[in-house]
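Visitor: Dock chain B against the given chain A, drawing on the hints supplied.
There are 2 protein chains.
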Amino acid sequence: MNVRPDTTRTVYDGKLLDVVVEEWNGREREIVVHPGSTAIVAVDGEGCVTLVRQLREPARAELLELPAGTLEEGESPLESARRELAEEVGLRGGSWSELGVFYTTPGFCNERMHVFLAKGVECGSANPEADEQLEVVRWHVSELADRLADLKDAKTIAGLSLFLRSQT
Amino acid sequence: MNVRPDTTRTVYDGKLLDVVVEEWNGREREIVVHPGSTAIVAVDGEGCVTLVRQLREPARAELLELPAGTLEEGESPLESARRELAEEVGLRGGSWSELGVFYTTPGFCNERMHVFLAKGVECGSANPEADEQLEVVRWHVSELADRLADLKDAKTIAGLSLFLRSQT
Numbered sequence: 001m002n003v004r005p006d007t008t009r010t011v012y013d014g015k016l017l018d019v020v021v022e023e024w025n026g027r028e029r030e031i032v033v034h035p036g037s038t039a040i041v042a043v044d045g046e047g048c049v050t051l052v053r054q055l056r057e058p059a060r061a062e063l064l065e066l067p068a069g070t071l072e073e074g075e076s077p078l079e080s081a082r083r084e085l086a087e088e089v090g091l092r093g094g095s096w097s098e099l100g101v102f103y104t105t106p107g108f109c110n111e112r113m114h115v116f117l118a119k120g121v122e123c124g125s126a127n128p129e130a131d132e133q134l135e136v137v138r139w140h141v142s143e144l145a146d147r148l149a150d151l152k153d154a155k156t157i158a159g160l161s162l163f164l165r166s167q168t
Numbered sequence: 001m002n003v004r005p006d007t008t009r010t011v012y013d014g015k016l017l018d019v020v021v022e023e024w025n026g027r028e029r030e031i032v033v034h035p036g037s038t039a040i041v042a043v044d045g046e047g048c049v050t051l052v053r054q055l056r057e058p059a060r061a062e063l064l065e066l067p068a069g070t071l072e073e074g075e076s077p078l079e080s081a082r083r084e085l086a087e088e089v090g091l092r093g094g095s096w097s098e099l100g101v102f103y104t105t106p107g108f109c110n111e112r113m114h115v116f117l118a119k120g121v122e123c124g125s126a127n128p129e130a131d132e133q134l135e136v137v138r139w140h141v142s143e144l145a146d147r148l149a150d151l152k153d154a155k156t157i158a159g160l161s162l163f164l165r166s167q168t
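One line per chain: the protein sequences are A and B, in this order. Residue 15 in our numbering sits at position 15 of the first sequence, and the numbers go up by one each step. Residue 148 in our numbering sits at position 148 of the second sequence, and the numbers go up by one each step.
Simulated from the structure, these hints should not be mistaken for laboratory data. Treat the hints with care, since some could be wrong.
Unchecked claim - Here are the in silico distance ranges between beta carbons for each label pair:
1) P128(B) <-> S142(A): 39 to 47 Å
2) S125(B) <-> E72(A): 42 to 50 Å
3) D150(B) <-> Q133(A): 19 to 27 Å
4) G74(A) <-> T10(B): 31 to 39 Å
5) K15(B) <-> V3(A): 31 to 39 Å
6) S125(B) <-> G74(A): 49 to 57 Å
7) E98(A) <-> H140(B): 25 to 33 Å
What the hints assert, rightly or not - Lysine-lysine pairs mimicking BS3-like chemistry, simulated, CA-CA at most 25 Å apart:
8) K152(A) <-> K152(B)
9) K119(B) <-> K15(A)
10) K119(A) <-> K152(B)
11) K152(A) <-> K119(B)
Glycine residues also receive a C-beta, built at the ideal position from the N, C-alpha and C atoms.
Looking at chain A on its own, in the form it has when it is part of the complex (with noise of 0.2 Å):
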């Protein structure tokens, strides 16, 4: 299968993103090129899971999410997830584990997220970047099939559903 596109062109060249329009076979494409991405289930020794609660400004919402971040110029993902998840709640420390990968919105955007599982974190001091405003939520894990449906982000109810399923 031929998984290259015939031509490319980038439309826009942005800072974290950029776009870019391609041929496929006479198709065009208009393709959000993104550097990829991480989220941690982190677990405690109190049984419960970290979240956040921030503002998303697409969403013109404070959404609650699993800790997550973008990937940096030669970072792993495992490297970039103990970095996020330290800097953005003070959880260190853990056994890691991967829950899986996958894609955010396929359809035009390439961004792959890799999904970790952190078992055994302790708590430090967080460092969140200066316009990161953070409230840090715990649910047990005794609530979190419960809570799913209260949820409103793709990666976090993916990821949890995930962590839930590699449980049973």
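Guide: Here is chain B on its own, set in the frame of chain A:
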């Protein structure tokens, strides 16, 4: 809470999507503007859910996903979902309800996706767009939980998880 930007400027004006740069209290945000979308968990009389496998150019790969589509101008989410399900995979009728609404990647995009459950759908003839090459795959409801981790698309993992949760 102020949920409007101080300023907005369009930096890319595309066919499916635009990109705007917004200023929020002195911070710039680069945001992909999308019309919104729907996905459908369609269960037929044999207890099977219909999925579609198709080339996703942004992923450079074929992905297995829930039937889904983009909202068209003036269309309600439910109208759009019924149209997409009939066009893409030829399924009609059934009893419809909403399983959830989520953002696909709210850090940088306003795409909001409505996920519907359509129970008791019936086969008709499909009429996919000329550039859609789809393979239809059916999974029995009893297999879904074990297969979640094989999926590589966030809306499909999230949508099927919300469906499974709604059945308990």
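Visitor: All the hints need checking, so say for each whether the structure fits it.
Guide: Comparing the hints with the structure gives:
no.	hint	result
1	P128(B) <-> S142(A): 39 to 47 Å	holds (43 Å)
2	S125(B) <-> E72(A): 42 to 50 Å	holds (49 Å)
3	D150(B) <-> Q133(A): 19 to 27 Å	violated (37 Å)
4	G74(A) <-> T10(B): 31 to 39 Å	holds (32 Å)
5	K15(B) <-> V3(A): 31 to 39 Å	violated (22 Å)
6	S125(B) <-> G74(A): 49 to 57 Å	holds (51 Å)
7	E98(A) <-> H140(B): 25 to 33 Å	holds (27 Å)
8	K152(A) <-> K152(B)	holds (19 Å)
9	K119(B) <-> K15(A)	violated (44 Å)
10	K119(A) <-> K152(B)	holds (23 Å)
11	K152(A) <-> K119(B)	holds (23 Å)
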